[in-house]
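Visitor: Could you build the full structure based on these sequences and the hints that come with them?
There are 2 protein chains.
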Amino acid sequence: MQVINSPREMQELALQWRAEGKKIAFVPTMGALHEGHLSLLREGRLLGDKSVLSIFVNPVQFGPREDIAKYPRPIEDDLAKARDCKTDAVFFPTPETMYPNGFQTYVEVERVTQGLCGEKRPGHFRGVTTVVLKLFNIVLPNIAIFGEKDFQQLVTIKRMSFDLNLPIKIIGMPTVREKDGLAMSSRNVYLSKEERQTALSISQSMATAQEMAISGEKDAAKIIAKISGIMKSAGVTKIDYIKICDSKMLAECSQIGNGTRLLLAAFVGTTRLIDNCEL
Amino acid sequence: MQVINSPREMQELALQWRAEGKKIAFVPTMGALHEGHLSLLREGRLLGDKSVLSIFVNPVQFGPREDIAKYPRPIEDDLAKARDCKTDAVFFPTPETMYPNGFQTYVEVERVTQGLCGEKRPGHFRGVTTVVLKLFNIVLPNIAIFGEKDFQQLVTIKRMSFDLNLPIKIIGMPTVREKDGLAMSSRNVYLSKEERQTALSISQSMATAQEMAISGEKDAAKIIAKISGIMKSAGVTKIDYIKICDSKMLAECSQIGNGTRLLLAAFVGTTRLIDNCEL
Chain A
0 MQVINSPREM QELALQWRAE GKKIAFVPTM GALHEGHLSL LREGRLLGDK
50 SVLSIFVNPV QFGPREDIAK YPRPIEDDLA KARDCKTDAV FFPTPETMYP
100 NGFQTYVEVE RVTQGLCGEK RPGHFRGVTT VVLKLFNIVL PNIAIFGEKD
150 FQQLVTIKRM SFDLNLPIKI IGMPTVREKD GLAMSSRNVY LSKEERQTAL
200 SISQSMATAQ EMAISGEKDA AKIIAKISGI MKSAGVTKID YIKICDSKML
250 AECSQIGNGT RLLLAAFVGT TRLIDNCEL
Chain B
0 MQVINSPREM QELALQWRAE GKKIAFVPTM GALHEGHLSL LREGRLLGDK
50 SVLSIFVNPV QFGPREDIAK YPRPIEDDLA KARDCKTDAV FFPTPETMYP
100 NGFQTYVEVE RVTQGLCGEK RPGHFRGVTT VVLKLFNIVL PNIAIFGEKD
150 FQQLVTIKRM SFDLNLPIKI IGMPTVREKD GLAMSSRNVY LSKEERQTAL
200 SISQSMATAQ EMAISGEKDA AKIIAKISGI MKSAGVTKID YIKICDSKML
250 AECSQIGNGT RLLLAAFVGT TRLIDNCEL
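Sequence order for the protein chains is A and B. 0 is the number of the first residue of the first sequence in numbering that gives the first Met the number 0; add one for each residue after it. 0 is the number of the first residue of the second sequence in numbering that gives the first Met the number 0; add one for each residue after it.
Be aware that one or more of the hints could be misleading.
Each computed BS3-like pair below joins lysine-lysine, with the alpha-carbon atoms no more than 27 Å apart [claimed, not checked]:
| id | chain 1 | residue 1 | chain 2 | residue 2 |
| --- | --- | --- | --- | --- |
| 1 | A | 22 | A | 168 |
| 2 | B | 22 | A | 21 |
| 3 | B | 21 | A | 168 |
| 4 | B | 168 | A | 21 |
Just the calculated beta-carbon pair ranges, DEER-fashion [to be verified]:
| id | chain 1 | residue 1 | chain 2 | residue 2 | range |
| --- | --- | --- | --- | --- | --- |
| 5 | B | 74 | A | 19 | 36 to 42 Å |
| 6 | A | 277 | B | 79 | 54 to 60 Å |
| 7 | B | 58 | A | 250 | 23 to 29 Å |
| 8 | A | 46 | B | 95 | 31 to 37 Å |
| 9 | B | 58 | A | 20 | 35 to 41 Å |
| 10 | B | 191 | A | 168 | 52 to 58 Å |
| 11 | B | 5 | A | 225 | 44 to 50 Å |
| 12 | B | 253 | A | 63 | 33 to 39 Å |
| 13 | B | 206 | A | 63 | 50 to 56 Å |
Bear in mind the hints are in silico, worked out from the structure with no lab data behind them. Beta carbons are placed, not taken as given, at the ideal position from N, Cα and C, and that holds for glycine.
Guide: Written out as structure tokens, the structure reads:
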């Protein structure tokens, strides 16, 4: 497995692979790999002749009061896991090589980034699309694989790829969960034992929402009120949002229907968790 | 010579060429080809195994009160000229296929687009970078060639390519001029006989600026005052700007030095002309 720090070197390797007719599958991450990431890497291993992982805690997608300093960076563990998944190359650049002095170009997807996390984290998705487009141009993948846990991010990247005519297939993979239902996230390490218990109410309330929908409840407001109650009684510190949206444009829906999706973000202690599911 | 309207078909042809190891040289234009464009096409023919011309009057780079409706579109003439330059493919899409319903992704280069034409034409460079990035992703060139007449555009595209790690070499070619000095432009057809005479004062005043600089004049303000006077006496309707800037970041300079450049925009009648030269 090659570990490459330089964007130029990574791009040269990718160009060489492409010239040899190799299909490149790419998994961009911020590291602190968990089973969710590994499911993407394994899929990349299956779909591509070459599989590339990037690890980059992207400063441009963090707000001024967000957790970039304490974001976990267990690089040796990450490399071992990538090796286990038979990854061909890990691209692990520094912020200085990704954003050299004078950097001033940004990509913005306008509408699908406006609500949900976009509303709560101004500039976040601009940072995501900018770095993902840069990574795409460096790694030159045929296929890029993202997790559905960050559902708004997945929709945003699909939209960017379509709008900018990128010759890349974007694939979304199902959220991987702990045995008790909590969605895997690099941020779960922030949770105390007690908070970890409270956080369970997020996936539990989503299960309740799904049961209500299956039983014929169509009224989005009723479902939201119900699960908001569950999370609050469980001791969730602050609900950032609970929304029911269509899964393409992320427009809010008042009625459950084809392709509607429940999306939520909540603080447990000082840790912000997100999750989502089909309804 | 192939003429292709569909972005998908153009991209498939480009992918096929790339898979065969062909080097693609690309000249993006809005059509109404003149000798300036043809010099770019000939350079592309020399540098690439395959040469591609695009013709697309990009609505996103025109302001609401600008000349998109009357912009010349002599497509049959353009195709004949492209054929003469031994162009391999002309990409000639419709606005509807380039900007389908729901389009919402834009690329913005922030600092170098702020002054000069960017100040006078808000949104213009955002439209340029967005369409050029789309065209790059469709045509997948190794080399892209632009004219120096649109100097701020060239600087902006170089900056975008660098910032976004595009695997594309951006080449700028010298402005081609009429025998009497007027810079070739698709907009010159708007000029009446009298206006055409007045427009000559633009290149003449640039020659004066160069003489002043060669004679040792270092003061940018003096040079600007002098040539502003020349253009006004010649009957130029309105000077949009005359600036002396460094040629990398386009920051204004008060002194002539290494790499300083004179850039100007002026209306002759209702026609807006731009020009620039090294000082």
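Visitor: Hint by hint, which ones does this structure get wrong, listed from lowest number up?
Guide: Nothing - there is no hint that the structure violates, so all of them hold.
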